[in-house]
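> Sequences are here, hints too, so could you generate the full structure?
Given next are the chains, with one letter for each unit.
Number of protein chains: 2
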Amino acid sequence: MNKGALDRAFNPRCVAVVGDKMGNGYVWLRSMSTFRGKVYSVQIDPQELPGIERLGIENYSSLLEIPESVDYVVVAVPRSVVPRIVSDCIRKGVGGATIFTSGFAETNTREGKDLEDALAKMAKEADFNIIGPNCMGIFNPKIGIRHDVNQYHGEAGPVGFISQSGTHAILFSLVGACNGIRISKSVSYGNGVVLDSTDYLEYLAQDQETEIIGMYIEGVKEGTRFLHCLSETTRKKPVLVWKGGKAEEGYRAISCHTGSMASSPTIWRSMIRQCGAIEVDNLDQMIDCVKAFLYLKAPLGSSVGLVAQSGGQSVVIADAFAQAGLTAPMLSRSTYREFASFFNIIGGNYLNPLDISWHAPSIDDSIRILNILSTDENVDSLVLELSLPFLSQIWDYYPSYVDTLVKALGDFKDRCPKSFMIVISSGQLEVEALGIRKKLIDKGVPSFPNFERAAKALRTVTEYYRSCGDSD
Amino acid sequence: MNKGALDRAFNPRCVAVVGDKMGNGYVWLRSMSTFRGKVYSVQIDPQELPGIERLGIENYSSLLEIPESVDYVVVAVPRSVVPRIVSDCIRKGVGGATIFTSGFAETNTREGKDLEDALAKMAKEADFNIIGPNCMGIFNPKIGIRHDVNQYHGEAGPVGFISQSGTHAILFSLVGACNGIRISKSVSYGNGVVLDSTDYLEYLAQDQETEIIGMYIEGVKEGTRFLHCLSETTRKKPVLVWKGGKAEEGYRAISCHTGSMASSPTIWRSMIRQCGAIEVDNLDQMIDCVKAFLYLKAPLGSSVGLVAQSGGQSVVIADAFAQAGLTAPMLSRSTYREFASFFNIIGGNYLNPLDISWHAPSIDDSIRILNILSTDENVDSLVLELSLPFLSQIWDYYPSYVDTLVKALGDFKDRCPKSFMIVISSGQLEVEALGIRKKLIDKGVPSFPNFERAAKALRTVTEYYRSCGDSD
Numbered sequence: 001m002n003k004g005a006l007d008r009a010f011n012p013r014c015v016a017v018v019g020d021k022m023g024n025g026y027v028w029l030r031s032m033s034t035f036r037g038k039v040y041s042v043q044i045d046p047q048e049l050p051g052i053e054r055l056g057i058e059n060y061s062s063l064l065e066i067p068e069s070v071d072y073v074v075v076a077v078p079r080s081v082v083p084r085i086v087s088d089c090i091r092k093g094v095g096g097a098t099i100f101t102s103g104f105a106e107t108n109t110r111e112g113k114d115l116e117d118a119l120a121k122m123a124k125e126a127d128f129n130i131i132g133p134n135c136m137g138i139f140n141p142k143i144g145i146r147h148d149v150n151q152y153h154g155e156a157g158p159v160g161f162i163s164q165s166g167t168h169a170i171l172f173s174l175v176g177a178c179n180g181i182r183i184s185k186s187v188s189y190g191n192g193v194v195l196d197s198t199d200y201l202e203y204l205a206q207d208q209e210t211e212i213i214g215m216y217i218e219g220v221k222e223g224t225r226f227l228h229c230l231s232e233t234t235r236k237k238p239v240l241v242w243k244g245g246k247a248e249e250g251y252r253a254i255s256c257h258t259g260s261m262a263s264s265p266t267i268w269r270s271m272i273r274q275c276g277a278i279e280v281d282n283l284d285q286m287i288d289c290v291k292a293f294l295y296l297k298a299p300l301g302s303s304v305g306l307v308a309q310s311g312g313q314s315v316v317i318a319d320a321f322a323q324a325g326l327t328a329p330m331l332s333r334s335t336y337r338e339f340a341s342f343f344n345i346i347g348g349n350y351l352n353p354l355d356i357s358w359h360a361p362s363i364d365d366s367i368r369i370l371n372i373l374s375t376d377e378n379v380d381s382l383v384l385e386l387s388l389p390f391l392s393q394i395w396d397y398y399p400s401y402v403d404t405l406v407k408a409l410g411d412f413k414d415r416c417p418k419s420f421m422i423v424i425s426s427g428q429l430e431v432e433a434l435g436i437r438k439k440l441i442d443k444g445v446p447s448f449p450n451f452e453r454a455a456k457a458l459r460t461v462t463e464y465y466r467s468c469g470d471s472d
Numbered sequence: 473m474n475k476g477a478l479d480r481a482f483n484p485r486c487v488a489v490v491g492d493k494m495g496n497g498y499v500w501l502r503s504m505s506t507f508r509g510k511v512y513s514v515q516i517d518p519q520e521l522p523g524i525e526r527l528g529i530e531n532y533s534s535l536l537e538i539p540e541s542v543d544y545v546v547v548a549v550p551r552s553v554v555p556r557i558v559s560d561c562i563r564k565g566v567g568g569a570t571i572f573t574s575g576f577a578e579t580n581t582r583e584g585k586d587l588e589d590a591l592a593k594m595a596k597e598a599d600f601n602i603i604g605p606n607c608m609g610i611f612n613p614k615i616g617i618r619h620d621v622n623q624y625h626g627e628a629g630p631v632g633f634i635s636q637s638g639t640h641a642i643l644f645s646l647v648g649a650c651n652g653i654r655i656s657k658s659v660s661y662g663n664g665v666v667l668d669s670t671d672y673l674e675y676l677a678q679d680q681e682t683e684i685i686g687m688y689i690e691g692v693k694e695g696t697r698f699l700h701c702l703s704e705t706t707r708k709k710p711v712l713v714w715k716g717g718k719a720e721e722g723y724r725a726i727s728c729h730t731g732s733m734a735s736s737p738t739i740w741r742s743m744i745r746q747c748g749a750i751e752v753d754n755l756d757q758m759i760d761c762v763k764a765f766l767y768l769k770a771p772l773g774s775s776v777g778l779v780a781q782s783g784g785q786s787v788v789i790a791d792a793f794a795q796a797g798l799t800a801p802m803l804s805r806s807t808y809r810e811f812a813s814f815f816n817i818i819g820g821n822y823l824n825p826l827d828i829s830w831h832a833p834s835i836d837d838s839i840r841i842l843n844i845l846s847t848d849e850n851v852d853s854l855v856l857e858l859s860l861p862f863l864s865q866i867w868d869y870y871p872s873y874v875d876t877l878v879k880a881l882g883d884f885k886d887r888c889p890k891s892f893m894i895v896i897s898s899g900q901l902e903v904e905a906l907g908i909r910k911k912l913i914d915k916g917v918p919s920f921p922n923f924e925r926a927a928k929a930l931r932t933v934t935e936y937y938r939s940c941g942d943s944d
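First to last, the sequence lines map onto chains D and G.
Its first residue numbered 1, the first sequence is counted upward by one per residue in my numbering.
Its first residue numbered 473, the second sequence is counted upward by one per residue in my numbering.
Honestly, I wouldn't trust all of these hints.
[Claimed, not checked] Computed list of lysine-lysine pairs in BS3-like fashion (alpha-carbon distance at most 30 angstroms, straight line):
(1) Lys142(D) <-> Lys3(D)
(2) Lys121(D) <-> Lys21(D)
(3) Lys911(G) <-> Lys438(D)
(4) Lys910(G) <-> Lys438(D)
(5) Lys693(G) <-> Lys709(G)
(6) Lys439(D) <-> Lys915(G)
(7) Lys564(G) <-> Lys614(G)
(8) Lys693(G) <-> Lys439(D)
(9) Lys237(D) <-> Lys142(D)
(10) Lys614(G) <-> Lys475(G)
(11) Lys439(D) <-> Lys142(D)
(12) Lys915(G) <-> Lys614(G)
Worth flagging that the hints you see were computed from the coordinates, not collected in a lab.
Now the structure itself:
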């Protein structure tokens, strides 16, 4: 890896897209429309030129003709033309190139493999950074470098994402944005013939804007180097690893998807854990755990105070958190004394889990109960259920109810010294639940769509900080 | 159980609500506003009378004054008054009464336990059907008997639901309605002091309108009778059991919620399986599995043909289904021959899982691929991913795209002899996903919000039909 050049590719001032076309919806040029720097097109097909002109983008017939230095290139030409463009990139002194084009080793054909080998050889001899092929390359939202037209720009966050799959890179950014997760830099690297997962991990480990790293990996090329790098990185920041291809069927898909050799899931699992990384199993878990890291205060232990808005949910919230390995202990004597002074136990209960049925409509009561729990020494984290079918009967009459509730919960979170999360039981109000999730996260309060997902995320964060404490 | 009388309570022609009031939002009288028969109120507080009158409901100061026979009564009076009202019900010859009132054994107080014992004694001596106390009672949507104002009415379906918790009964009906699940009869029975889970199971086992039964149970009173009844019932229709209170914390919540004694989760699990029932762990799984039973053709085996709309998703769809115990086998030679004649493998793959990236925008291509898979003898079930971030780039230009796609998938499902399900990868388009789920289920096509949930539901249905085959 040529680190200085890769830095230019991740933080370019000038970008060129080679071979974008109408048939592809000009997806690359449109994605780059938010880029703060200069974007050029390189296209020789005269039929494509009017479309590119309509986008307001200057076109050249060769990279070499662009009248300034180019930091980052996206290559979207037919596979047989790729080597010539890469050669132009090298001559032009480009920082790095994303090869969007597919049709290489992942086709399991002689032709594809030969083309990929030629590409790798050329790049390695010239110490040139190829991202891909068969990938979506870089997403740097702060400066508007995108690989999908639906992605945000102009705002950024502390989360780095490294993904062998373009789909998962894009989905993480889109679903993440709905969950208050903003990206520093993300990269989809496909077949990874020159730069592989380890190179990107090394890069984001050093990146000052990146405080937490998520990875979607199908297979790595240099196992020992990867594990060493992973161990080094987890000492500085949390790393969450989602390994695709755990089953035989997954292996088969991988060999067709990115041409990687996948290794046994059991070996992966133990390796990843030994390196201090956190294993997740799918996109939802990745989103949940990253959100928990970003928005939860570090839990000091595994005890939770569980607050449900009905008796039925008090049973299943307890089940979910216990099954995730957390405990809902009996509370302290002073807490019970305080609850006994006002808590209505007819149709409710305050043992832990709490069923606050009769108090739930009152925001004051709810906050009072949370305040009491937050000072109980037996409790490390607090979880509150919001049941929308139940609360909707209030907001039908008081339209400002939700905003008042959300503000009160945001204020509580700010002053609560313990980790605090919400579980939204949406019932049929699924659209409303999305709106409330958004309002909550805007106030810094993380919410989860069911008890199981909340419990897993809290367990992950709790374990992480416990192991940090152990190693101190 | 007095079966004839219980039949009257489940299918009443005349209903009375005792003690509903403004402070409770007249929730019972409002819920009953959809009832096709006659509803009376019984209320002696003069302050409540104008509100009841505004609802257009005739009020009496005693049950005994109502000038006709009453089949079903909801009792919402303070707990100390409950025995007197039950005594009136008995004198009046009511079919059954739901005691909504709480404050009995679940409070763990002497007073509450004594009241509950007195109630049980009175009812048993008179062979009177008490539903509850501390519950929401009956939901019979066809005739408009509801226990929540958000529930539907006028339409019904083949699903019976028995729930110790009112919240879970209501949530199942509301979330179920979003998922194409319609209820025949449902009951929330709380503390279950007179009629318990076994009685309701026996009742729904015989009910001709009920083809599948879901249960949320915290604990049963007569274990042997329950297991016998469960075994008998599963010979006639699928029974799904969700056991609340699997952890110590859950036990604690249960004793406060419905006053039940919960038994060890391991014992429960093995008992339930031996009886031929299906165990689910939460509301989502209950919904998913019931939906799968309602909308999937019986799979002949555990082989799946998996179709993803990108390479990254082809890897994780394979992982999810394999981890659920299903297999994605290599396809037959003739299938591969047919695919080879048109399938673009540059950026795609048809081994199984399939990555149909380049064909996905074409509805014709997608259906062609599904048709080929549906005739492959190696495949028992078909799963298709719809990736909304990807498809939205098409529907942005062709607004009728989604409807055309949904119609084509509905037509395919109708003629496909195998089980067929959709997984919607919503990305950021979460609201749109809900709309598409609705359109699909209206055409009889079940969809699931992620691969894991789809895989679990398919596995459950596959195992059920395999074990039916074994016992034939």
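> Hint by hint, note whether the structure agrees.
Verification of the supplied hints:
no.: 1; hint: Lys142(D) <-> Lys3(D); in the structure: holds, 20 angstroms
no.: 2; hint: Lys121(D) <-> Lys21(D); in the structure: holds, 28 angstroms
no.: 3; hint: Lys911(G) <-> Lys438(D); in the structure: holds, 26 angstroms
no.: 4; hint: Lys910(G) <-> Lys438(D); in the structure: holds, 23 angstroms
no.: 5; hint: Lys693(G) <-> Lys709(G); in the structure: holds, 23 angstroms
no.: 6; hint: Lys439(D) <-> Lys915(G); in the structure: violated, 34 angstroms
no.: 7; hint: Lys564(G) <-> Lys614(G); in the structure: holds, 26 angstroms
no.: 8; hint: Lys693(G) <-> Lys439(D); in the structure: violated, 45 angstroms
no.: 9; hint: Lys237(D) <-> Lys142(D); in the structure: holds, 21 angstroms
no.: 10; hint: Lys614(G) <-> Lys475(G); in the structure: holds, 20 angstroms
no.: 11; hint: Lys439(D) <-> Lys142(D); in the structure: holds, 23 angstroms
no.: 12; hint: Lys915(G) <-> Lys614(G); in the structure: holds, 22 angstroms
Comparing the model with each earlier hint shows violations of hints 6, 8; every other hint is respected.
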